[in-house]
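There are 2 protein chains.
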Amino acid sequence: MFDFEKIDKVIHEKARLGIMTLLATRASWSFQDLKAQLEMSDGNLVTHLRTLHDHGYVAVTKEIIDRPQTSYSLTTKGRGAFQEYLTILEQIIKAGRP
Amino acid sequence: MFDFEKIDKVIHEKARLGIMTLLATRASWSFQDLKAQLEMSDGNLVTHLRTLHDHGYVAVTKEIIDRPQTSYSLTTKGRGAFQEYLTILEQIIKAGRP
DNA sequence: CGCCCAACTTTGTCTTGCAAAGTAATGCTT
DNA sequence: AAGCATTACTTTGCAAGACAAAGTTGGGCG
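Sequence lines, in order, name chains A and B.
Using this note's numbering, read the first sequence as starting at 34 and increasing by one per residue.
Using this note's numbering, read the second sequence as starting at 34 and increasing by one per residue.
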């Protein structure tokens, strides 16, 4: 039926799924905007972003315009992994809605 | 945008998501069939099933036909929670596929 | 210089998944 | 009856991970 082992644990975690979904909707998000949207603490958000970055899913751009302003975006790899993840979600929905 | 806090952690965990999806496709599954489909160890599977049962999501039926044969099915509550979970998945897919 | 703010890092705690091994109950086999 | 297998479950132990809170760094500005 399904291979649930295929579910990407990096993406599947609730907080990171939130990040990935937001990043998929816009080209780029600032740290502050992500934090406001997701209502996460700095430390927690940074940690999840680092996890995603370590897996090559998100790119980090550091600028200092007035204030430091770090922004995040999906890499090609990240976008691909996310689409693949969404495909599994679609299969689950198809199975779960008779 | 989305309220990611709404994601039901009981269902969202990979292994239990597998269980719930299977239970949604058929009225009832035996322990052995679940185990074979999901390729999980006894202990691990029993634990996740107990978690789902403790939350009132699955019903347990114990019979002894030839061998002990425990079977599991979704409760009304479980079905409802799963449908709600699927609704969130749909929103994520909608956002993630432009 | 001192303060604020953004973006980290560190520390610590607490939960959780998961495997491996052990156990109880039952039935089959010899 | 004795031994063995199987199912379902418990226990133990460990390792990973989430998360909060507090501390740190570095730039901009009054």
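Take these hints with a grain of salt, some might be off.
[Claimed, not checked] Here are the simulated SDA-like cross-link-like pairs (lysine to any residue), alpha carbons at most 25 Å apart as the crow flies: (1) Lys47/B x Gln124/A; (2) Lys47/B x Glu72/B; (3) Lys42/B x Gln70/A; (4) Lys95/A x Thr58/A; (5) Lys42/B x Gly129/A; (6) Lys127/A x Arg130/B.
Quick caveat, the hints were computed from the structure, so don't treat them as lab data.
All figures in this text were calculated on a predicted structure; none of them were measured in a lab.
Do the hints match the structure? See the list:
1. Restraint check for Lys47/B and Gln124/A: the C-alpha separation of about 14 Å stays at or below 25 Å, so the hint holds.
2. Between the alpha carbons of Lys47/B and Glu72/B the distance comes to roughly 13 Å, so the proposed pair stays at or under 25 Å and holds.
3. Taking the CA atoms of Lys42/B and Gln70/A, the gap is about 20 Å. The hint holds against a cut of 25 Å.
4. For the suggested pair Lys95/A and Thr58/A, the alpha carbons sit about 20 Å apart, so the restraint of at most 25 Å is met.
5. Restraint check: the Cα-Cα separation between Lys42/B and Gly129/A comes to about 17 Å, which is no more than 25 Å; the hinted pair holds.
6. Annotation: proposed proximity of Lys127/A to Arg130/B holds, straight-line Cα distance about 17 Å (limit 25 Å).
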